[in-house]
Amino acid sequence: MQIPTGKALARQIEELSGQVVSDCYQCGCCTAGCPIGEDMDPPPSKAIRLLQLDRADELLKSSGIWMCASCLVCGTRCPRAVDYARIAEACRAIILRSRQSKVDPDTVTAPELEEIPQQAFIASFRKFSV
Amino acid sequence: MKYVYYPGCTLYTKAKSLDACARKAAARVGFELEEMPSWNCCGAIYNTGSDDLAAQVGPVRNLAKASQLGEKLVTLCAACHNVLKRVDDRLYAQGNEVERDRLIAFVDEKYERRVQVMHYLEVLKNDIGFDKVKEKVTKPLAGLKVASYYGCLMVRPKEVLQFDDPENPQVMDDLMRALGAEPTAFDFKAECCGGYLVVNRRDVAANASKRIIDNARARGAEAIVTTCPLCQYNLDKLRAVTSDAVPMFYFTQLLGLAVGLAPEELGFDVNSFDPVPFLKAKGLL
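Chains as they are written, first to last, in this note's numbering: chain F, 1 to 130; chain U, 131 to 415.
Treat the hints with caution; some may be incorrect.
Said to hold, decoys possible - Counterexamples of contact, computed for chain F against chain U with all Cβ distances above 12 Å:
1) 3
2) 28
3) 53
4) 60
5) 62
6) 67
7) 119
What the hints assert, rightly or not - Derived contacts from chain U toward chain F, CB cut-off under 7 Å, selection only:
8) 146
9) 268
10) 360
Hints were generated in silico from the structure; no laboratory data involved.
The model shown is predicted, which means the values in this text are computed figures rather than measured ones.
No residue lacks a Cβ here, since even glycine has one placed at the ideal position from N, Cα and C.
Taking the hints into account, I'd like the entire structure generated from these sequences.
Here it is as structure tokens:
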């Protein structure tokens with residue numbers, strides 16, 4: 001599947017996520033509460049700002065969208081009911097649907113398979129792999 | 131009282147003690163978990179995409195199968211609970227009738243009616259009552275200062291889970307109090323452990339988990355209880371185990387201990403940090 005650019009990409013992200021990015025007034029509660037915020041570039045509020053500024057292409061290339069653990073603190077605390085976890089998931093879905101994975105299941109080692117609960121693998125592959 | 135029970139994959143392999151203690155403790159407390167036959171993986175995580183129907187099929191099949199067997203479907207694993215609850219909510223979301231019909235028509239099990247997806251803790255709280263649970267306690271966990279860690283999946287999204295306050299949940303604290311323990315208030319009860327990021331970013335999950343344990347300890351907790359195999363794994367295994375490490379339990383292990391299950395039934399051998407000396411020192415074993 002071809003990845004759209006510019007406004008078409010922003011529209012697709014909004015459609016897939018069911019979120020309206022213009023609702024966000026940049027208070028920063030999402031970023032403040034994000035448990036991964038310090039490792040997430042851009043953090044939620046900045047990512048939404050990129051969409052507001054028609055810079056969706058930059059967000060799609062970022063590492064931040066692959067750092068979300070879907071804990072939903074951002075959306076739960078948002079006073080404008082914008083759910084960034086859904087936006088990040090929509091961005092990832094667009095990339096995954098173009099057949100590019102972030103996590104390759106073949107790289108999981110035998111000791112990891114032995115030890116880590118399988119719910120983590122299934123969740124990780126669902127969020128990060130084709 | 132008998133409930134349809136969905137254990138999920140992880141409870142069959144890496145979280146056996148979460149499951150075994152729950153089944154045995156239920157019998158002591160006065161209800162029965164009847165495992166549904168031919169259940170399938172719930173998908174482990176809810177997919178939020180508005181057009182992502184394929185990811186909903188597995189959970190819908192479980193809901194359909196359960197609907198043939200009873201009115202209430204009980205879960206234990208926080209991830210299974212979250213997925214089944216959210217998919218059920220999605221089926222009945224306003225304006226979603228076409229999607230619902232498509233999904234229900236697609237699965238190979240007859241969908242009889244909407245079932246109520248309940249977590250084991252909700253059975254204890256709402257159907258049995260913590261006062262009744264307290265009556266069944268034969269070994270009060272006196273003097274045990276325990277932090278209840280809920281993580282994300284039990285409490286968010288709050289309007290769907292309708293489980294507890296997403297910022298300061300209390301259900302497990304109340305259960306621990308009923309068991310005679312002393313619940314410890316702490317700041318990261320519902321903070322994320324890093325979840326599935328452990329697969330490709332173990333460092334990030336380790337940081338998130340460390341913050342949770344450090345805060346619980348700073349607030350005086352001697353032990354931590356969880357409801358989720360992945361929270362348990364991240365908190366327990368991503369830390370450096372030192373001589374003063376805090377033991378981690380599934381809430382069902384402490385429930386089982388308090389209602390009189392034998393030590394060998396509690397599955398402590400799967401804990402990475404053996405809690406037996408700790409419990410002996412507290413006079414609880």
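Hints, one by one, checked against the model:
1. 3: At roughly 15 Å from the nearest Cβ of chain U, residue 3/F sits farther out than 12 Å, so the non-interface label holds.
2. 28: Holds, because the least Cβ-Cβ distance between residue 28/F and chain U comes to about 18 Å, which exceeds 12 Å.
3. 53: holds, 24 Å
4. 60: holds, 15 Å
5. 62: Holds: least Cβ distance 15 Å, greater than 12 Å.
6. 67: violated, 7 Å
7. 119: violated, 4 Å
8. 146: With Cβ-Cβ at 11 Å, over 7 Å, it is violated.
9. 268: Where the cut-off is 7 Å and the nearest Cβ of chain F is about 31 Å from residue 268/U, the hint is violated.
10. 360: holds, 5 Å
Of the numbered hints given earlier, the model fails hints 6, 7, 8, 9; all others are met.
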